[in-house]
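The chain contents come next:
2 protein chains.
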Amino acid sequence: MTLHEAFRTIPDHRQPTCAAWASAPSPGSLQPVFIPAGAGIYAQGEKSDRLYQVEFGAVRVYRLFADGRRQISAFHLCGEVFGFEAHSTHHFFAEAICATGIRMLRTSPHRNGLADELLPVALQGLARAQEHLLLLGRQNAAERVAAFLIEMSERQGGLDTVELPMSRTDIADYLGLTIETVSRVLSRLRQKGIISLPALRSIEIVKRSALRDMAA
Amino acid sequence: MTLHEAFRTIPDHRQPTCAAWASAPSPGSLQPVFIPAGAGIYAQGEKSDRLYQVEFGAVRVYRLFADGRRQISAFHLCGEVFGFEAHSTHHFFAEAICATGIRMLRTSPHRNGLADELLPVALQGLARAQEHLLLLGRQNAAERVAAFLIEMSERQGGLDTVELPMSRTDIADYLGLTIETVSRVLSRLRQKGIISLPALRSIEIVKRSALRDMAA
DNA sequence: CGCAGGTTTGAGCACCCTCAACGAATGTGG
DNA sequence: CCACATTCGTTGAGGGTGCTCAAACCTGCG
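Heads up: the protein sequence lines correspond to chains F and P, in order.
Taking UniProt numbering, I'd label the letters of the first sequence as residues 1 to 216.
Taking UniProt numbering, I'd label the letters of the second sequence as residues 1 to 216.
Since the hints were made in silico from the structure, they are not lab data.
Quick list of simulated restraints, FRET-style, between CB atoms: (1) L197(P) x P32(F): 55 to 65 Å; (2) K47(P) x E163(F): 35 to 45 Å; (3) S187(F) x S196(P): 40 to 50 Å; (4) S202(F) x F65(P): 28 to 38 Å.
Each computed SDA-like pair below joins lysine to any residue, with the alpha-carbon atoms no more than 20 Å apart: (5) K192(F) x L211(F); (6) K47(P) x R63(P); (7) K47(F) x E131(P); (8) K47(F) x A127(P); (9) K47(F) x R106(F); (10) K207(P) x L159(P); (11) K192(F) x S209(F); (12) K47(F) x P120(P); (13) K47(P) x H90(P); (14) K192(F) x A210(F); (15) K47(F) x Q124(P); (16) K47(P) x P120(F); (17) K192(F) x A215(F); (18) K47(F) x L123(P); (19) K207(P) x G193(P); (20) K47(F) x V81(F); (21) K47(P) x E131(F); (22) K192(P) x E180(P); (23) K47(P) x Q124(F); (24) K47(P) x L123(F); (25) K192(F) x V206(F); (26) K192(F) x K207(F); (27) K47(P) x A127(F); (28) K192(P) x S209(P); (29) K192(F) x T181(F).
Beta carbons: idealized from backbone N, C-alpha and C, even for Gly.
Assemble the whole structure, with the sequences as input and the hints as a guide.
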């Protein structure tokens, strides 16, 4: 199976790259571009000469294996900058999870002081990747889900009600689990009264301390 | 169990921070410092205001969980720069795997053009972390070990004989496996004639293509 | 109301971990 | 130089966590 064939097996994928790019004013523009749910922002193998900032909505960045396995390396929420991928070509796919607005940032190679702005952003990405690494390498299913809920809550201002823009499949592919395991862990957390599920993609953290203890 | 107690449970740890620092000329010096095998270079919680370059030897960077679990986030071999950890305090431990020479690089906050030098190094670290993430999230034991051997070979110039400075325990904690599983996979690779083991920490890649196919 | 996609729940199994014993290599002291 | 201790690595048996396969259940939407 080629990568492209495998690509089609992901059910919620619609387009390899977003058609909206065609109607974008001009590269380097600071105008936000609208990306419909499921549409691609960039693809593995494409040239990478820009950065992207989420204006509203959410983005998933992932790698696809030849046999269809998928690993999401990061979610990007409102305000966050992404698109760093060393070298000059992308090694990951980026897609809008839901209806999303993206602001493009040109990365002209040697603009004065550009590296000073980029370095902190790159370092935050590095720190996130390192934390994620620990989770994938040494935590069990319950710990992963608990850590994910805490992370999402904190990235949304620490509120007790967390709105998840992504599907269970996305969560599973982010945490290195299966959708069934994610669902089972959430059910068990609900049974224990640690969380409640007001809606499918809305989670209320009832006992944050218990969740914190699990995530460690 | 406190982190400090857990710290003691790691058998091959000798000192929290290397005594050699005391005898180092002055911070910011470009003189290499010798670190004996197993000695610490920096510790979780310490202030981080320097970068480090491996002159010879090898370094492991890891996080310790309260219950003793360990995840090595990266190995650093000769020539590589490490020590990036966002914020101002370290969130990981760094130790010499074997007798190692370290060159310290001062990171004065706003030296002109410093970010231009640092950004490529940070981006390489980010790329490595992202690749490692895929491995930990979606690959099975055999794939992880195969990928590790390929990675080590390529980082040592692509030679067929790979010298591993680290123990099986280190490999296991890097790959998110147990030492027994690592050992079993290596034995199976040897039985299949894909590798041979001239010495305990020396591995010869006999069928590189087969190894590549497994790692994918 | 019926369909489709997403989610939940269950039963069985596979892979990897745990526990344990053995073997090999290295260093130390007699 | 050898006996011994210690650490590291290998191999085996058994068990548990999470995956696979499958079916039922929502929920939004035409």
